[in-house]
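From just these sequences and the hints, can you work out the full model?
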Amino acid sequence: DAKTTQPNSMESNEEEPVHLPCNHSTISGTDYIHWYRQLPSQGPEYVIHGLTSNVNNRMASLAIAEDRKSSTLILHRATLRDAAVYYCILPSGNTDKLIFGTGTRLQVFP
Amino acid sequence: GAVVSQHPSRVICKSGTSVKIECRSLDFQATTMFWYRQFPKQSLMLMATSNEGSKATYEQGVEKDKFLINHASLTLSTLTVTSAHPEDSSFYICSASMGFGTEAFFGQGTRLTVV
Numbered sequence: 001d002a003k004t005t006q007p008n009s010m011e012s013n014e015e016e017p018v019h020l021p022c023n024h025s026t027i028s029g030t031d032y033i034h035w036y037r038q039l040p041s042q043g044p045e046y047v048i049h050g051l052t053s054n055v056n057n058r059m060a061s062l063a064i065a066e067d068r069k070s071s072t073l074i075l076h077r078a079t080l081r082d083a084a085v086y087y088c089i090l091p092s093g094n095t096d097k098l099i100f101g102t103g104t105r106l107q108v109f110p
Numbered sequence: 001g002a003v004v005s006q007h008p009s010r011v012i013c014k015s016g017t018s019v020k021i022e023c024r025s026l027d028f029q030a031t032t033m034f035w036y037r038q039f040p041k042q043s044l045m046l047m048a049t050s051n052e053g054s055k056a057t058y059e060q061g062v063e064k065d066k067f068l069i070n071h072a073s074l075t076l077s078t079l080t081v082t083s084a085h086p087e088d089s090s091f092y093i094c095s096a097s098m099g100f101g102t103e104a105f106f107g108q109g110t111r112l113t114v115v
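Protein sequences appear in the order of chains A and B. Note that our numbering gives residue 104 to position 104 of the first sequence, counting from 1, and the numbers run on in steps of one. Note that our numbering gives residue 21 to position 21 of the second sequence, counting from 1, and the numbers run on in steps of one.
Because the hints were derived from the structure by calculation, they are not lab data. For each residue, glycine too, the CB sits at the ideal point set by N, CA and C. Any given hint could be a false lead.
Unchecked claim - Covered stretches of chain A, going by a simulated chain B footprint (3 or more residues, C-beta under 8 Å):
id, region
1, 31-39
2, 42-53
3, 98-110
Printed below as a string of structure tokens:
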């Protein structure tokens, strides 16, 4: 699996943008970049995924570096409900198997 | 969007008994489902890949005779924790997707407590 590196934790104030970084320097050409988040006592929730181009959906934006060795998940206006652990994952070689790292714990303050 | 449903959400069982957890894909067919385990304050650990119509593939260190997986149809996978012991107490989560390059959908998780 291509390994990802994320900061252990980040903080934000409510209604401010949040940029969650992820490094994946060993990414291969066919690896998708997935982001999931997990709220306490719940199963993970899909946030966004992409391959090469930046992606936007109603939850977030995904900015992918030109060399694809890093990406950034952007929450445009953080809310208290966005407090969660965010996981950046590259599915295992041409499969849909997800191996979770430690993720980034995002705290959002009112 | 597609939904994966997991049942039960919470179960308490006595040591030595077996517990079955169900994972259903409600509006799509899943030839592959995944089972995870999560201990408090830790990340999800992949236990096994459930393959419809064939044997499950277990990750290293996971006992296949202890964690029995059956994927009898394209919408249902079950995980049976056999002869459960207190150390098996954990949060078990299943997931499924529509294939490579697509998003994964997760069940709400099952909190197992073995007393």
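Here is what the structure says about each hint:
1. Look at the region 31-39 of chain A against chain B: 4 of its residues bring a Cβ nearer than 8 Å to a Cβ of that chain, three or more, so the hint holds.
2. With 7 residues bearing a CB less than 8 Å from a CB of chain B, the region 42-53 of chain A meets the requirement of three and the coverage assertion stands.
3. Evaluation of the coverage hint for the region 98-110 of chain A: fulfilled, as 6 residues show C-beta separations to chain B shorter than 8 Å, against a requirement of three.
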